[in-house]
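Number of protein chains: 4
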Amino acid sequence: MIGGGTGAFIGAVHRIASRIDDQYELVCGAFSSDPEKARASGIMLGLMESRIYNSYAELFEKEKKLPPEERVQVVSIVTPNHLHYEPAKLALESGFHVILDKPATFSLLEAKELARLVLETGLLFCLTHTYTGYPMIKEARQIVASGKLGEIRKVYVEYPQGWLSGFEEGSGNKQASWRTDPQQSGIAGAMGDIGTHAFNLAEYVSGLQVNRICADINIVVKGRKLDDDGAALLKFSGGASGLLMATQVAAGEENNVRIRVYGEKGGIEWQQSDANTLLLKWPDRPSEILRTGGGYLSSFAAHNTRVPAGHPEGYLEAFANLYRNFALSVKAKINGDEAKPEWLDYPGMEEGVRGMAFIENVIASGRSEQKWIDFTV
Amino acid sequence: MIGGGTGAFIGAVHRIASRIDDQYELVCGAFSSDPEKARASGIMLGLMESRIYNSYAELFEKEKKLPPEERVQVVSIVTPNHLHYEPAKLALESGFHVILDKPATFSLLEAKELARLVLETGLLFCLTHTYTGYPMIKEARQIVASGKLGEIRKVYVEYPQGWLSGFEEGSGNKQASWRTDPQQSGIAGAMGDIGTHAFNLAEYVSGLQVNRICADINIVVKGRKLDDDGAALLKFSGGASGLLMATQVAAGEENNVRIRVYGEKGGIEWQQSDANTLLLKWPDRPSEILRTGGGYLSSFAAHNTRVPAGHPEGYLEAFANLYRNFALSVKAKINGDEAKPEWLDYPGMEEGVRGMAFIENVIASGRSEQKWIDFTV
Amino acid sequence: MIGGGTGAFIGAVHRIASRIDDQYELVCGAFSSDPEKARASGIMLGLMESRIYNSYAELFEKEKKLPPEERVQVVSIVTPNHLHYEPAKLALESGFHVILDKPATFSLLEAKELARLVLETGLLFCLTHTYTGYPMIKEARQIVASGKLGEIRKVYVEYPQGWLSGFEEGSGNKQASWRTDPQQSGIAGAMGDIGTHAFNLAEYVSGLQVNRICADINIVVKGRKLDDDGAALLKFSGGASGLLMATQVAAGEENNVRIRVYGEKGGIEWQQSDANTLLLKWPDRPSEILRTGGGYLSSFAAHNTRVPAGHPEGYLEAFANLYRNFALSVKAKINGDEAKPEWLDYPGMEEGVRGMAFIENVIASGRSEQKWIDFTV
Amino acid sequence: MIGGGTGAFIGAVHRIASRIDDQYELVCGAFSSDPEKARASGIMLGLMESRIYNSYAELFEKEKKLPPEERVQVVSIVTPNHLHYEPAKLALESGFHVILDKPATFSLLEAKELARLVLETGLLFCLTHTYTGYPMIKEARQIVASGKLGEIRKVYVEYPQGWLSGFEEGSGNKQASWRTDPQQSGIAGAMGDIGTHAFNLAEYVSGLQVNRICADINIVVKGRKLDDDGAALLKFSGGASGLLMATQVAAGEENNVRIRVYGEKGGIEWQQSDANTLLLKWPDRPSEILRTGGGYLSSFAAHNTRVPAGHPEGYLEAFANLYRNFALSVKAKINGDEAKPEWLDYPGMEEGVRGMAFIENVIASGRSEQKWIDFTV
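Protein chains in written order, with the UniProt record's numbering: chain A, 1 to 377; chain B, 1 to 377; chain C, 1 to 377; chain D, 1 to 377.
Note that these hints are calculated values from the structure, not bench results.
Mixed in with the good hints there might be a few duds.
The list makes no distinction among identical chains, and a pair is therefore deemed to hold if it is satisfied within one copy or across any two copies.
[Claimed, not checked] Simulated crosslink set (DSBU-like; lysine-lysine; CA at most 35 Å straight-line):
no., residue 1, residue 2
1, LYS235, LYS225
2, LYS265, LYS62
3, LYS89, LYS333
4, LYS65, LYS37
5, LYS340, LYS222
6, LYS174, LYS340
7, LYS225, LYS62
8, LYS265, LYS174
9, LYS148, LYS62
10, LYS64, LYS174
11, LYS222, LYS333
12, LYS333, LYS225
13, LYS331, LYS235
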């Protein structure tokens, strides 16, 4: 693991996700640029001192010299955005499979470069767009793909948060500080942090790609350096249209990311606050409540569920689904087996490139006087 | 009543609304341009034959000659949009108070002219934007106005319907036919029919006015002549921003109009499917569930409720609230009494003018290459 | 109308219910035993002074002497329980159809006598068990009757209220005072006031009859004279079993009456707080959300709905459904027409007798050391 | 781990729960009485062959001979009920801390004996009543204990399942087979499997103890050997009363265990389908929505939560909370540290004894003609 030392939020989440299905063992880490902290973190996590490194460069250098059966197989990178590209690049160049926290990189250019490297090296790469790990999101994608809803016409996605309603970065909140700092986050704040999730969810579920965008991007809280709020009108290839909303100033909101997709014949709705439910809506017959664990679900939903219907699985299990599917895919690759489609259903650098393109396009549109801008990659 | 003959949807709703609180008696009507149908409708509604008229012109002419104590006092106009202005104008000129179905008129120009006439005649005028009749919407407005949420930053309003997902106007559906016909509806379809409701709700609850708009307006169903779908980025005077969505092609959706408003300190959420509930959200303490009938509500909510908490009131009661408040205001005026603020809280031609301006601006924006257009009235 | 003078809760509800569908005109009343109050109420309600009576005896005596076309046709009795039997009896004996508020009478004996009179006179009789007026409750009954759920096994019904959590009758609350007074309410408090509703709902939806009962009946609030809380284990003819809960001391609860019925093949769930929804549950396929106004509903649900799906109807409309169905049935009888099954679907004295039997049996069981007592009528 | 070989449901759940917080390492196991299967399971779980045992007796015998730093510390027993007592007893006698799946034992007598042994040995013991691991259940208990609701009057608990609506044990369903077999489950079916959960939840949240009970216990599905359905009227010490419902024949239901508790001043409601929410109800002010992760929660809720509000945690995390708290308590004991009250908040043999007493009392009551029976332990 690169990053994720004591006090980090997402690093701890990655570690839990990796443990749930017993597919990973944490063997080494470069948890912090501060050697003291790196060491303390590693020891707390039960690592051997010899495999607690002071930098990711050291980690890659030393690990790749270990015998194959000892050496780390998958590297998890959970640093702030500005520290994604370099370690990910070096990991690939050193021959390690990579799990990377989103958004992929600091810039679209870096993302394209990483994507190129992934293809070139033939290594596997997972980008942790957590929400696509939910079984009912997988079901939603399958339903849309099956054509049951007819041709898709509308895609509405929203990610309302309220935790940045005040000037949190002014009061030493570490999570707020780096996320609102252009040096660490890049050109976008809310759009990068949660807008990319919403965008990824919209494309994943609908199976469509955004090709034009018209955005309103705002810095609502005085003194903040990056956007904390925005919305965009979307046009998709194939003719569908939609809306994306992402805000961090909806005071009182938690993390209720929500998606609705409508086709000619019906619609679907999902929201994180009721994550084990997928609503299937029909104009001429009763709406249906699809539930995690239901025997009528697709193999994609079933594969990503652990306990019987009615025993809720949540965010950590969705995260764990990415980790497990990636592990199964890596194992298959190592063993020369064919990976099942259910295993390969995790986000990678293709999604990473589109996510970075979203950031660049949505910010460009926010600044533009022109109504629609083409979504360029 | 003008319009609303047998088979009409909204005419029947108006009549129920007028009866619920026993403030009105239906005494005369011009229910249809077809004399046969007009007469049949009038008889079915229990009118004396002498007061069933063949045209609104005849109605006004004859009614105003009746002695004051016999003559109709309030005229309800429930015709399609293209037949709003003329009868409303004539009603005012004939000295009658008017209740008019939304949207106010066929064009903004007509609306302004009506608004002028209302001021000039000093007569009372009610425009039936039903959703503002809900007690919890009134509570929402009071909460925003009280400053409890702090300065308002975001306003999200949506009105998803699915009933026009197919080409309904091709199969003799009367409600679909006139609503999608430019000759009867005007320049807008969905934007006029439900977009105006969403717009009105946004301004009513937030207490703010839209001053810029950027819209995506679509005809989704092939062969349709007017928009059946749209969305708009909104800017409000004072600096808030927001989103408006209105669609009639969200297959499987009913009429779940919904509004969320966020200020510096908290937010509120209401939706018609749970109309007796208003959610009040706070960043640092539990969200609150305000319920119709709760003893802790404002006089505005309390005044518009009939039964104890937990006995749901719905759409017809919301509609009846407009009718009752208008009746109380008319009575006060007639008796020379001062009307209470709660009575005067019904939409009128001020809202009518803004609604028609919304239609013209949103359609203009939909056609424009320019990103933001000023909301002109 | 008998009873329902100024300040009465349920009288006003009855009047609204009678107006909604324009099937009734209030022509006379004996609103109070206090002549002053009776007169004031009558005038406020717009009655002619000649038809405001000082007693129900006077009302019946004078009304039956009026010419048939002038005379009242249906008498609505909305007095407290101890004043149900006498006026209802006199109304039937005087040849008037009757609408009576629940519970039917003060004692089971009286109820049986009234039921006998109804049969004897051939007059129509409606007992206002409001909750069976909800369209989705009618749908629930139809679904059970259709056999779709298979043989019924379990019936759970509950009616939690919280308004009597304190000693309200000690502080001049009129609604609380008569409901907790054995002289006015009879032998039961909560069991009579809301327990009968729950019981009626259970039998109406399941189509089954309770034949054994084991109850726990409590007076929770110190000083109260009648039960304010209770629960009962139920056995139904045919072998199903169930639970009934009714309490007025569930602090913070409103009126969320709720019923769940399970058969061999599936189950249904309804609650007043989401009255326009009926959940249909299956073990092996997605649950379904049936909604008022849906085109797929039975004629019984459709007939009891006024507005399109998504525009909520509530308690007053459910009440109005009883009034309207009764009016349609009365008209059919007067005109010698055959009444449709949908019109005849209102509760009458058969339900009244069973409701009073419930009160006597549940109270007897509450006092008994014996576990199961036979439900005797 | 004792039991939980390939194909077992709850064994896998225990293992996930143990991994989530990285407090346990699986070092040895006796997974099955079938040596072949035991070995295969152990290998699949990554154990060294030397520590895969053919019986729990062998496990205890060999493990206790290992040096303290190598030897297993905590033994998890996840066998069917009839195989709880012997291994648990032996584990304690061999000096190991124990985690045991519920219900505690096959009989009350065994439970008391185990409880005695726990006290005698001074070892720690955890009984996995999962639902008390939910943070909002912990919050509920704290709220009741704080007195905010006033004296408790009513406790309603229910656990409806539908998975045994058919004769599943006849079709080779392993989960169904042992649960409906008196040889493996004991005297109770549904009452033991889920009734004990409901009972435990009721006592845990209310802080009260049941002292009288009146139950209706049924075998609904023909051919079944143990109860699959039941309900009980409850009396608590201190004067509160309540209802417990547990059924496995509510066709279409999943696992929506639910509890409501009302005191003089307010009430609370929680259900597993919305596990991250706790409703707090008041008679005179808005209900409150308490949410996992909220900054306003008690230390007991906060301690049992991993991710920010709005990222749902579920059943596995609730289970993991038991495991983690037990680990923290064991560590504290080993290190001679004082355990925090939050760590010690896990169910043990005291709850085990009461749970077994519930089974014996509820079944006895179901068979009795007497109305109330004293809850004897």
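Given a CA cutoff of 35 Å, do LYS265 and LYS174 count as a within-copy pair, a between-copy pair, both, or neither?
between (47 Å within a copy, 22 Å between copies)
Identical-chain pair category, LYS65 with LYS37, by Cα at 35 Å:
Cα proximity of LYS65 and LYS37: one copy only (25 Å, versus 39 Å across).
Go through the copies and call it for LYS148 and LYS62: within, between, both or neither, with a Cα cutoff of 35 Å.
neither (52 Å within a copy, 58 Å between copies)
Is the C-alpha distance from LYS235 to LYS225 at most 35 Å within one copy, between copies, in both cases, or in neither?
both (29 Å within a copy, 21 Å between copies)
Copy assignment of LYS64 with LYS174, given that the CA separation must stay at most 35 Å
within (33 Å within a copy, 47 Å between copies)
When Cα atoms must be at most 35 Å apart, do LYS174 and LYS340 count as within-copy, between-copy, both, or neither?
between (40 Å within a copy, 28 Å between copies)
When no copy is specified for LYS331 and LYS235, does a C-alpha distance of 35 Å or less occur within a copy, between copies, both, or neither?
Answer is neither: 39 Å inside a copy and 52 Å across each miss the 35 Å cutoff.
Are the CA atoms of LYS225 and LYS62 at most 35 Å apart within a copy, between copies, both, or neither?
Intra 39 Å, inter 63 Å, cutoff 35 Å: neither.
Can you give me the call for LYS89 and LYS333, within, between, both or neither, at a CA distance of at most 35 Å?
within (20 Å within a copy, 47 Å between copies)
Between copies, within a copy, both or neither: which fits LYS265 and LYS62 at Cα up to 35 Å?
Cα proximity of LYS265 and LYS62: none, with 57 Å in one copy and 51 Å across.
Give the relationship of LYS340 and LYS222 under a CA distance limit of 35 Å: within one copy only, between copies only, both, or neither.
Neither way: LYS340 and LYS222 sit 50 Å apart in one copy and 40 Å across, limit 35 Å.
Is it within, between, both or neither when you check LYS222 against LYS333 at 35 Å Cα-Cα?
The answer is neither: 50 Å in one copy and 48 Å across copies each exceed 35 Å.
Of the numbered hints listed earlier, those contradicted by the structure are 2, 5, 7, 9, 11, 12, 13.
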